Amino acid sequence: MTNMLQNRWWSWGFRSAILLYFILLIVFPIIGIYGQSLTNGWAALVDNLTEPIAWKSVLLTAKLALFATIINILIGTMAGWVLIRYRFPGRSLLNSMVDLPFALPTAVVGLMMLLLLGPRSEVGHWADSLGFTILFHEPAIVVAMVFVTFPFVIRAVQPLLEEMDASEEEAAYTLGASRAKTFFRVILPAMVPGIMSGAMLAFSRALAEFGAVVLVAGNIPGRTLVASVYIYGQIESDNPAGAAAVSVLLLTFSFLVLWLVSYVQSRRTGR
Amino acid sequence: MHVEVRGLNKKFGDFQAVRDVEFAIGKGQLIGLLGPSGGGKTSILRMLAGLEKPDSGDILFHGRRVNDLPPQERGIGFVFQNYALFKHMTVADNIAFGLQVKKWPKPKIKERIAELVELTGLAGFEKRFPHQLSGGQRQRVAFARALAPEPQLLLLDEPFAAIDAKIRHELRSWLREMIDRLGITSIFVTHDQDEAIEVADEIMIISKGKVEQKGTPWEIYKNPQTPFVASFIGESTVIEDIASLKGFEAAASWPGTKGLIRPEYIEVGKENEFILLSATEAGRVSHVHFRGSEWLVEVQVGEIKLVTYRSLEKKVLQPGEEVRVLVHRAYLFNDNDNWVMENKLKEDPLPVHI
Chain A
1 MTNMLQNRWW
11 SWGFRSAILL
21 YFILLIVFPI
31 IGIYGQSLTN
41 GWAALVDNLT
51 EPIAWKSVLL
61 TAKLALFATI
71 INILIGTMAG
81 WVLIRYRFPG
91 RSLLNSMVDL
101 PFALPTAVVG
111 LMMLLLLGPR
121 SEVGHWADSL
131 GFTILFHEPA
141 IVVAMVFVTF
151 PFVIRAVQPL
161 LEEMDASEEE
171 AAYTLGASRA
181 KTFFRVILPA
191 MVPGIMSGAM
201 LAFSRALAEF
211 GAVVLVAGNI
221 PGRTLVASVY
231 IYGQIESDNP
241 AGAAAVSVLL
251 LTFSFLVLWL
261 VSYVQSRRTG
271 R
Chain Z
1 MHVEVRGLNK
11 KFGDFQAVRD
21 VEFAIGKGQL
31 IGLLGPSGGG
41 KTSILRMLAG
51 LEKPDSGDIL
61 FHGRRVNDLP
71 PQERGIGFVF
81 QNYALFKHMT
91 VADNIAFGLQ
101 VKKWPKPKIK
111 ERIAELVELT
121 GLAGFEKRFP
131 HQLSGGQRQR
141 VAFARALAPE
151 PQLLLLDEPF
161 AAIDAKIRHE
171 LRSWLREMID
181 RLGITSIFVT
191 HDQDEAIEVA
201 DEIMIISKGK
211 VEQKGTPWEI
221 YKNPQTPFVA
231 SFIGESTVIE
241 DIASLKGFEA
251 AASWPGTKGL
261 IRPEYIEVGK
271 ENEFILLSAT
281 EAGRVSHVHF
291 RGSEWLVEVQ
301 VGEIKLVTYR
311 SLEKKVLQPG
321 EEVRVLVHRA
331 YLFNDNDNWV
341 MENKLKEDPL
351 PVHI
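So the sequences go chain by chain: A and Z. Going left to right, the first sequence walks through residues 1 to 271 as UniProt numbering numbers them. Going left to right, the second sequence walks through residues 1 to 354 as UniProt numbering numbers them.
Derived from the structure by calculation, the hints contain no laboratory data. This one's a predicted model, so the numbers in the text were calculated from it and none came from an experiment. Take the hints with a grain of salt, since some may be wrong.
Unchecked claim - Simulated restraints, written as ranges between beta carbons of each label pair:
#  : chain 1 : residue 1 : chain 2 : residue 2 : range
1  : Z       : Gln16     : A       : Ser96     : 32 to 40 Å
2  : A       : Ser92     : Z       : Lys305    : 53 to 61 Å
3  : A       : Phe183    : Z       : Pro105    : 22 to 30 Å
4  : A       : Phe14     : Z       : Lys127    : 36 to 44 Å
5  : Z       : Arg65     : A       : Asp165    : 12 to 20 Å
6  : A       : Pro189    : Z       : Lys305    : 58 to 66 Å
7  : Z       : His62     : A       : Val264    : 45 to 53 Å
8  : A       : Trp12     : Z       : Phe12     : 53 to 61 Å
9  : A       : Asp165    : Z       : Gln132    : 15 to 23 Å
10 : A       : Met78     : Z       : Gln16     : 32 to 40 Å
11 : A       : Phe183    : Z       : His131    : 21 to 29 Å
12 : A       : Pro159    : Z       : Asp58     : 35 to 43 Å
The beta-carbon is built from N, C-alpha and C at its ideal position, and this holds for glycine as well.
If we strip away everything but chain Z, and leave its shape as in the complex, we get:
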């Protein structure tokens, strides 16, 4: 289903939950609404489902305005954060509910249940009640129940929030695969950037009720269009006085400009590890943390504290050790503008500063 939203606004009392939201989603896409909690993601999802009425703006499915349609008539499937399974019904009855309501003939319902149970890997659990299932299984039942009446749009509200980390990982790739196979347009809400990056075709970053940026995960990572997006996606350190860093002196020509540096933009090591030594700063290791697959190194460069990773293959650094630090690039922003600046000294094969 093609989904379009124009000028959507929603207030709860004095709180503006959603402001002037606009987007369009193509058929068969899997979209992640990503943002901090309380940012309006769920409100947008609920308005798409018809569970909440927008104050202003239009919601169009297939180019047809659906604002005044109740949730019953929107042809959507909704997976709730807490699954909202009917506790007094078995797995099969839960899945059958939407079909019985739509007065499908009995043999067809049976067939559809068998199909969905197979698809969601719940075979053998049809007679169980929700309280007899694990979190992951409940999530699959909720998914099967939402898909049963063959909706054209699937909405998922924090679908993995209540599941422990290991199973969450499995379920994510399972969901991705399932939605690819069914080709159903889907929108899911999450506050977990890894989840959004891993699962979604496109991400919409939402903060304070506004869409900050929409794009593929890679685009958003590479070209964040607002400081909020830059700081929200990936890890980063914001540096007030970016012009004091070697190679970024040019930033001084824009007063009030700050820099945002990701750990992966920085290299840290002993002098012999760098070819372009002239582009590096002197620094002192302040902390070293083991992170399972790499070292997280905190370095003090003058007044600035930087955070970066270091491969486990390289020589282990000790706190207090003198090191060289190379900053490859920084994301600069001020009140009017934002752009990415590469380290000028790195580009110059014969640096003037020696």
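Isolated chain A (complex conformation):
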């Protein structure tokens, strides 16, 4: 087997196959979308993007995804910490339930949210009495995004915490650092790469969420219409160029985030 793998032709074949796969599945579709958005020229692209409903949907999506990501950073980091550092009954059950949002069909998540947050539910009732509504408003979208992207930060932080050597903490204690100082200066910095990459994935995923959001958002153009639902609407109303224009904006945005995070990380570690 190793002989076979070392063979020049095999190695060439494998590399070509992977490359082809990559081109077919990732590069072509992306180029296709950029091409599609430009079928009617630059002016049309600009027109499609300056359409208020279009850019407002993108802006709204980015804003809410950012909220959801921040919530996930806080809760996810804490949850990862608790699941690794504390021992309590039900811990392993809880730990396996973390992946549930990945396993559930997103439309089911949407329905769950609808039932949970609706005006007839306890939560909806309670929110009503406080003077605001969740369902069909921005909070519902954020809740749906948080739910769907919940595992990312936890799963990125856990291995780092698990690998972390207890002696690093002990070293900080022997050097006179309190528990709080040790956490903020020794443990947290070690978790940051995981938090960052988890947050980035969560953000991209929240930007793209459709199934869970479409049921709870209300989809009021300019107010609660998110980008993915807008794209769907454009396709339904036979305007692929409009859909492509927004897609391109989202894609470019995702790429920028990806690049920014890896740039920041490479500077941090000095590699």
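Given chain A, put chain Z in place with the hints provided.
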């Protein structure tokens, strides 16, 4: 710092890691805790540091009980076996950590870093991250970091275990020199007897959670007080029926006595190499191993198999060759007692047995 430990006990579950440990260490001494792995050395060190809580017993620094002080307030430096450097910090930041925590003023911190970097030979590496350093350099950073806040007691847990043999040698003498220069009381843990003998002022042999013996390396080698110490320090062969060896017949008057013989207690050679031929036994060479600086010779004397060294300057022995064996002394022990017995025939200029 003067360190005293009284009646120290520690259990992990059912496992008694440390039992009734007592010792006192004078200011400025370098002490080696030596013993087999899992013998409780590291537990003792961690209790001194406050990283582990003793079940019973007292730890006194300068005559003051510190049992209830957390590690932060004990004024110690700790060097971990795997160095435990902060991976996301540069060498300079690692060294500065303890000083920043203690709120030293910035210019003083800078000065102290420069001083320690100079002392540990890390000049030019201040901006590097731990993963960009060699094992020996990391060890020096760990050392510098522990020393930075000017601790009164330095604790080192297997400081050289993860470093390859050649550099380990250099680092040992470097550490010895450094600690002499700073005059800081230090305790290090090791399972390597060469390391303990070479570096420490005094060695404490620890086995199964107990201090077997405390003394200078030479005292321990010369007068081991327990069979464990005798067999742990240096190389040795234990002989069940020591009375059957020529010159040690007297051992028969203590039933159940065994003998322990070190290779350096034995001479082996052809008949013409001995003056007191009458004190020697006849033996047959069973194996010869080249050990770099000497021969290691295994000889069969009757039922007993002995191991000894032979100088490369002397005639090379061959397996199967008939030789004479002179046993200078043996370390005898039984359940109640232990002592060193010299070869009686060697002392007697006119031996009766011919």
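Structure-based check of each hint:
no., hint, result
1, Z:Gln16 - A:Ser96: 32 to 40 Å, "38 Å, holds"
2, A:Ser92 - Z:Lys305: 53 to 61 Å, "55 Å, holds"
3, A:Phe183 - Z:Pro105: 22 to 30 Å, "25 Å, holds"
4, A:Phe14 - Z:Lys127: 36 to 44 Å, "41 Å, holds"
5, Z:Arg65 - A:Asp165: 12 to 20 Å, "31 Å, violated"
6, A:Pro189 - Z:Lys305: 58 to 66 Å, "59 Å, holds"
7, Z:His62 - A:Val264: 45 to 53 Å, "49 Å, holds"
8, A:Trp12 - Z:Phe12: 53 to 61 Å, "57 Å, holds"
9, A:Asp165 - Z:Gln132: 15 to 23 Å, "18 Å, holds"
10, A:Met78 - Z:Gln16: 32 to 40 Å, "39 Å, holds"
11, A:Phe183 - Z:His131: 21 to 29 Å, "23 Å, holds"
12, A:Pro159 - Z:Asp58: 35 to 43 Å, "42 Å, holds"
Hint compliance for this structure: hint 5 is the single one not met.
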